[in-house]
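Chemist: With the sequences and hints as input, model every part of the structure.
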Amino acid sequence: MADLAGDRELARVTAQVHQHYRQLVATRRIYSLIAVAMLVLVLIGALIFANNASSGKFFDRLPYLLDFIKSFVPNDPFEIVRAMFDLPSPYADGSFKYDYEEGRRYLFGSAFYIPEYFYAMVVTLNIAFLSTLIGGFFAFFLCFFASTNLMGANPARLVIRRVMELCRAFPEIVLAGMLAAVLSLGPIAAIFAVSVHTIGALGKMFFEVVENADMKPDEGLRSLGASWFERVRFGMVPQVMPNFVSYFLLRTEINVRASTIIGAVGGGGIGEVFRLSISRDHAAKTYAIVILLFVTIVAVDQLSALLRRRLVGNASFQFGA
Amino acid sequence: MAIALTPEERSALRAAHPEVFSPGPWKRWGALLLALAAPGYAFYCFSFFDIGRTIAEGKWERAGIYMADWVSWEAQPRFRFRDDGSIEIEHERFSPLGENPDPDWMTRLPGGREEVIFGGPANRIEVSTRQVMVYLAGTAYPVAFDSTGALLPESAPAAFSEKNGRVTVDFGFAGSAEIRNTQVLVRRRFFGWENFFFDTRSPYWGMNLPDLVRAVTSGERLDPKQSNLSLAIDEFLTNSEWQHGDVFNKLLQTIVMAFVGTLFAAALAFPLAFVAARNVTRTRTLNWITKRFFDFTRSVDMLIWALVFTRGFGPGPLAGISAIFVTDTGTFGKLYSEAIENIDDKQREGVRSVGAPAAAVQRYGVIPQVLPVFISQTLYFWEANIRGATIVGAVGAGGIGLKLLEAMRTNKDWENVAYMVLLILLVVFIFDNISNTLRSRLIGPRN
Chain Y
32 MADLAGDREL
42 ARVTAQVHQH
52 YRQLVATRRI
62 YSLIAVAMLV
72 LVLIGALIFA
82 NNASSGKFFD
92 RLPYLLDFIK
102 SFVPNDPFEI
112 VRAMFDLPSP
122 YADGSFKYDY
132 EEGRRYLFGS
142 AFYIPEYFYA
152 MVVTLNIAFL
162 STLIGGFFAF
172 FLCFFASTNL
182 MGANPARLVI
192 RRVMELCRAF
202 PEIVLAGMLA
212 AVLSLGPIAA
222 IFAVSVHTIG
232 ALGKMFFEVV
242 ENADMKPDEG
252 LRSLGASWFE
262 RVRFGMVPQV
272 MPNFVSYFLL
282 RTEINVRAST
292 IIGAVGGGGI
302 GEVFRLSISR
312 DHAAKTYAIV
322 ILLFVTIVAV
332 DQLSALLRRR
342 LVGNASFQFG
352 A
Chain A
185 MAIALTPEER
195 SALRAAHPEV
205 FSPGPWKRWG
215 ALLLALAAPG
225 YAFYCFSFFD
235 IGRTIAEGKW
245 ERAGIYMADW
255 VSWEAQPRFR
265 FRDDGSIEIE
275 HERFSPLGEN
285 PDPDWMTRLP
295 GGREEVIFGG
305 PANRIEVSTR
315 QVMVYLAGTA
325 YPVAFDSTGA
335 LLPESAPAAF
345 SEKNGRVTVD
355 FGFAGSAEIR
365 NTQVLVRRRF
375 FGWENFFFDT
385 RSPYWGMNLP
395 DLVRAVTSGE
405 RLDPKQSNLS
415 LAIDEFLTNS
425 EWQHGDVFNK
435 LLQTIVMAFV
445 GTLFAAALAF
455 PLAFVAARNV
465 TRTRTLNWIT
475 KRFFDFTRSV
485 DMLIWALVFT
495 RGFGPGPLAG
505 ISAIFVTDTG
515 TFGKLYSEAI
525 ENIDDKQREG
535 VRSVGAPAAA
545 VQRYGVIPQV
555 LPVFISQTLY
565 FWEANIRGAT
575 IVGAVGAGGI
585 GLKLLEAMRT
595 NKDWENVAYM
605 VLLILLVVFI
615 FDNISNTLRS
625 RLIGPRN
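For the record, the sequence lines run as chains Y and A. The end of the first sequence is residue 352 by this note's numbering, with every number in the run present. The end of the second sequence is residue 631 by this note's numbering, with every number in the run present.
Calculated from the structure, these hints are not laboratory results. Among these hints, one or two may not hold up.
What the hints assert, rightly or not - Cβ-Cβ distance ranges computed for the label pairs, FRET-style:
no.	chain 1	residue 1	chain 2	residue 2	range
1	A	625	Y	133	54 to 62 Å
2	A	339	Y	153	51 to 59 Å
3	Y	93	A	208	53 to 61 Å
4	Y	341	A	234	34 to 42 Å
5	Y	62	A	374	49 to 57 Å
6	A	410	Y	57	47 to 55 Å
Said to hold, decoys possible - Pairs of lysine to aspartate or glutamate, EDC-like flavour, derived with a Cα cap of 20 Å:
no.	chain 1	residue 1	chain 2	residue 2
7	A	596	A	378
8	A	347	A	330
9	A	596	A	258
10	Y	101	Y	284
11	A	475	A	407
12	A	475	Y	312
13	A	518	Y	284
14	A	596	A	245
15	A	518	Y	332
We put the beta carbon where it would ideally sit given N, CA and C, even for glycine.
Modeler: Printed below as a string of structure tokens:
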């Protein structure tokens with residue numbers, strides 16, 4: 032008999048727990064619903080605003096969205112190859128559109144040339160690599176001064192973090208524009224802009240790696256009376272280096288994209304020639320550049336992924352700003 | 185206690201750990217090689233981009249002016265010498281001083297002379313039609329004229345320079361005076377952003393705050409059609425120099441581009457990631473097709489999408505939204521599908537073992553595991569896109585990026601650039617905090 036009473040008690044408690052659970056779920060649902068409803072409202076508002084602010088309205092333009100492709104039909108597929116390698120075109124009519132040879136970069140007199148777009152691609156890649164190198168160099172030296180486990184409560188740590196945040200958030204086109212006003216437009220302005228951004232972005236990643244590092248080697252060195260620099264050099268650098276290099280390679284991938292886009296606003300390189308050719312309806316040239324850019328980006332991504340996988344394994348394969 | 189090893193122990197250690205005692209050439213020399221290659225590459229780039237010559241040829245003397253323009257403004261009154269011996273003061277069009285200015289640093293002295301003060305009585309000029317007296321650090325230097333131009337005074341310090349009959353005196357930050365035999369052009373620089381709230385044509389121009397509050401709250405209606413407050417807001421937004429209304433509008437466009445683009449990309453990548461994940465969709469062809477689709481949209485640069493959609497939609501946020509949407513669909517798809525492929529399968533098995541339908545298996549077996557990763561990655565990219573949308577806009581999609589580019593092209597509106605940069609930094613800061621708050625609310629504190 033006592034068991035039955037116990038069972039009934041249990042059933043009552045279970046029902047109560049179940050009811051409480053139901054209530055909690057219902058409250059959560061309501062909050063989720065409100066959140067989603069607000070998101071949808073903001074989204075609709077944003078879409079209406081974006082549509083009104085655009086010169087071509089979405090539903091007006093949608094049927095004609097790809098119309099411009101019609102003017103981007105090359106006369107024959109080999110035109111793309113000719114544009115890519117700066118070979119003379121059979122359609123040449125004196126206009127710039129078919130004048131593929133004009134951009135050749137001759138080496139050793141006139142015996143040998145680099146096709147224009149390959150050269151522009153090299154410019155862009157050099158911008159990306161050099162900026163990553165410069166940015167990585169400064170980020171490497173700054174990150175140790177920004178990490179709490181090495182600096183303690185030193186206020187310099189906060190100052191350096193703020194500087195890194197500023198470097199990260201400062202609009203790249205303004206950095207480029209400032210230098211371009213003094214040096215005239217060109218790759219140096221792009222290098223400066225991408226480098227500064229890289230200092231901020233890599234600096235943040237680096238000091239987070241340092242803060243997550245194992246402090247035992249550091250303790251060991253400290254117990255031997257090592258100075259701060261010796262502790263960083265022998266206790267910290269060896270264990271953070273693989274992750275640093277991994278993030279460095281990831282940044283290289285990102286910077287290749289960043290330097291194409293900053294090229295389009297005046298930094299030179301492939302971005303600029305692409306913007307010009309698409310706005311002038313040069314079909315074959317545009318396709319040649321798109322293919323070149325696509326292949327390069329895929330190649331850089333694959334190479335960097337390969338190196339990173341060999342370096343740190345599949346772990347810490349994280350994206351992020 | 186010193187550790188002593190016998191030769192046998194030593195060779196035993198060597199034999200036991202060959203990778204430590206005789207590392208491969210790459211391990212031994214690799215770091216040194218890379219350390220040498222990096223400056224080598226930097227040196228190559230230095231000559232490739234001709235950095236040395238470009239920097240040497242830069243117009244560095246202008247850099248100081250441009251930087252000063254960020255936080256200061258300039259008035260340029262011109263003192264013309266008329267034939268009758270009097271001096272006519274001419275202000276530039278749309279002078280920041282407004283119509284009929286009479287600033288306290290310009291005074292009319294007896295004898296028809298004009299005085300301009302560049303900070304204190306020690307640094308000033310006195311303009312008369314026969315000569316200009318320049319007081320620099322307390323010393324007086326008379327600048328006389330002849331028929332060909334102004335003459336450099338004897339023993340003039342380095343602040344004086346002469347070119348084509350024009351003598352220029354540099355007072356540092358406070359400005360400069362260019363003296364000719366027919367006129368004196370004064371550039372007088374002040375710290376701050378002039379006419380930030382109301383331009384010179386506004387009825388509220390030049391009011392201090394108490395006056396403004398009084399005028400807005402209890403003054404006569406300046407415009408019978410609207411209240412003073414709405415007039416003041418209108419005047420503020422349509423300020424011709426600072427263009428607050430336009431700047432806010434363009435900034436909002438940029439925010440909208442990032443917000444809508446990221447949201448739509450996440451919404452499309454979410455279902456596609458389940459198709460691309462090998463452990464959810466068992467059809468290899470479908471996996472392959474979706475994965476290559478992600479690779480394609482990701483690897484075709486955002487620049488290309490931005491320019492393509494600018495051609496399609498015309499300039500405006502729609503083009504920016506589409507570019508961010510397409511690029512990030514690929515990125516999110518890749519990240520999401522990798523997250524799904526790395527889940528612990530036990531949870532799914534458990535849900536399946538109680539006979540749940542396929543959709544419920546994904547809903548209760550997969551989503552709870554991957555949702556935190558999805559949310560955190562999406563928010564990271566949202567933050568990055570808020571910063572990135574500026575530059576996509578500059579390529580042609582509109583928004584604050586294009587406005588920045590236009591302001592920089594003129595080389596005169598650096599104070600507007602500074603204003604927009606400040607707003608962008610503020611927006612980035614606010615959205616970083618929103619995204620951090622959301623992240624910790626939705627998935628708990630970091631990691």
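Chemist: Each hint needs a verdict: does it hold in this structure or not?
Modeler: Going down the list of hints, with the structure as the test:
1. Range check, residue 625(A) to residue 133(Y): about 58 Å between beta-carbon atoms, so the 54 to 62 Å window is met.
2. Against the hinted window of 51 to 59 Å, the Cβ-Cβ separation of residue 339(A) and residue 153(Y) comes to about 56 Å, which satisfies the hint.
3. In this structure the supplied range 53 to 61 Å holds for residue 93(Y) paired with residue 208(A), their Cβ-Cβ distance being about 60 Å.
4. The beta-carbon spacing between residue 341(Y) and residue 234(A), approximately 36 Å, falls within the hinted interval of 34 to 42 Å.
5. In this structure, residue 62(Y) and residue 374(A) meet the distance hint of 49 to 57 Å, their C-beta atoms being roughly 53 Å apart.
6. Take residue 410(A) and residue 57(Y): their Cβ atoms lie about 49 Å apart, and the range 47 to 55 Å holds.
7. Proximity of residue 596(A) to residue 378(A) is assessed by CA-CA distance (about 14 Å); at most 20 Å being required, the pair is judged to hold.
8. Restraint check: the Cα-Cα separation between residue 347(A) and residue 330(A) comes to about 14 Å, which is no more than 20 Å; the hinted pair holds.
9. Using a Cα cut-off of 20 Å, the hinted pair residue 596(A) and residue 258(A) holds, with the two alpha carbons roughly 11 Å apart.
10. Simply put, residue 101(Y) and residue 284(Y) have alpha-carbon atoms about 33 Å apart, too far for the 20 Å limit, and the pair is violated.
11. Restraint check: the Cα-Cα separation between residue 475(A) and residue 407(A) comes to about 63 Å, which exceeds 20 Å; the hinted pair is violated.
12. A threshold of 20 Å between alpha carbons decides the hint, and for residue 475(A) with residue 312(Y) the separation of about 31 Å lies outside it, so the pair is violated.
13. The suggested pairing of residue 518(A) with residue 284(Y) holds, with an alpha-carbon distance near 16 Å, which does not exceed 20 Å.
14. For the given pair, residue 596(A) sits about 15 Å from residue 245(A) by alpha-carbon distance, which is consistent with the 20 Å threshold.
15. Our distance criterion of 20 Å between C-alpha atoms is met by residue 518(A) and residue 332(Y), whose separation comes to about 13 Å.
Consistency with the previously given hints fails for numbers 10, 11, 12, ordered from lowest to highest.
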